[in-house]
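2 protein chains.
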Amino acid sequence: MARWKATIAYDGSGFSGWQEQPGKRTVQGELEKGLTKLHKGENKKVFASGRTDADVHARGQVVHFDSSLQIPSARWPRAFDSVLPRDMQMVSVEHVNDHFHARYDAEAKEYRYLLHVGSTRDLFQRHYVHHVFAHAFDHEAVQRSLQPLVGTHDFSAFCANNTNVASKVRTLNAVSYMQVGEGEWCFRFNGNGFLYNMARIIVGTAIDIGMRRLDAEDMNRILHARDRRQAGMTAPGRGLYLWNVQYGP
Amino acid sequence: MARWKATIAYDGSGFSGWQEQPGKRTVQGELEKGLTKLHKGENKKVFASGRTDADVHARGQVVHFDSSLQIPSARWPRAFDSVLPRDMQMVSVEHVNDHFHARYDAEAKEYRYLLHVGSTRDLFQRHYVHHVFAHAFDHEAVQRSLQPLVGTHDFSAFCANNTNVASKVRTLNAVSYMQVGEGEWCFRFNGNGFLYNMARIIVGTAIDIGMRRLDAEDMNRILHARDRRQAGMTAPGRGLYLWNVQYGP
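Which chain is which? The protein sequence lines are A and B, in order.
Residue 249, in the UniProt record's numbering, is where the first sequence stops; the numbers in between run on with no holes.
Residue 249, in the UniProt record's numbering, is where the second sequence stops; the numbers in between run on with no holes.
Only chain A is shown next, with the shape it has when bound in the complex (with noise of 0.2 Å):
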């Protein structure tokens, strides 16, 4: 028996998240299952470096599982091709020491969110960028009110309500925000962990301050008030990604 590291993506528009649900598509009952046709219907799990929520896409989601199949991992995607949906998409495989967690060693992780701003939505682009109907929208000062956002902080004004964790104490390594498109901009969040819902909260505070509805200060006024109440609403899952997750070396 072997341990392996899978770097996977997926299409969040066509799964209710990452979790299995009964009677639900998930991404882990989907990959669980081709996993398990892959052993010829051994039972097999899967452990993910975190969920995600429905209509969130990844780009690099990572998961380990437990395998006494005899494959070198430059062919495990092309194995994994055969018995997965065309939604989902085995990005490289690789040999771990049995004592690997994809959730518990993971250091830091990437999550990117898009926005189209402008007066036309994209048709093609709607499972995949948050669109904000606006003629104005001030770039410039959501760029501006991420900044006090980074380092290590109370994050529980960006937090889902009702969420038991221990401490929403988190550190965001780097933030930014930047044109990558026309009219299309990309949020990126590098953090050691995020809270439930804490990027797409930030998110649409930012857009609030884009929209001029808040100012660029209101940002870090919100972050030291821990008052979910005070912040914007939470983003559609459409426009995030995972994008990576981090381990040591």
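Hints were generated in silico from the structure; no laboratory data involved.
Note that the Cβ used here is the ideal one computed from N, Cα and C, for glycine as well.
All the pointers check out, no bait thrown in.
Residues from chain B shown here face chain A by an in silico Cβ test under 7 Å; the list is partial:
hint : residue
1    : Ala9
2    : Arg86
3    : Arg126
Use these hints to put chain B onto chain A, whose structure you have.
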């Protein structure tokens, strides 16, 4: 009663093509359903510039319809927004004279075909680009091969078998092939009319040339042979876009 010319976009991946078919979700079916809803149940028909097949997209399909509703041009798109599914979009609507016909008055059409060439496919583009697995691809040969197609020719070689039309002579006003992104290439075909599968068979033949299964010069030879069997495969619908339809002044 007034006649309206409407320009619509749709994502072909969720439709069984344009034409209404019992039990199938089609573009025409959804559009007429929406229009009928706007007319409080009065049965409405739309007439398109031409059909598109399953998986084929449109950025600028044109249709006409008659209506007694008193809606100004600029308000029509929003009216449609409330009754059309999310994978269709009304781009613009304008009032035309009662003799306008979306099909018979069309003077030219532009089709585009998006190709991605490389060793890995992009999961998020799977419905929108045709991916060709290749390490080497002769783009320059493809470019060269297309030039003899410009002009007025009998395009029998690039027409699906069992197509029953009086004449297979058509005029291509312009054909081009250029890079539009990393590994992404776009064919453009502007012509006065297109035979069934014509753009897709030309693209399929061009792919054979890019893969060096055929020479650039074979395109011209195949054109003049007028024999469908000598041309390449019909490229998949997912890469094809009806880009616009041109009408006289």
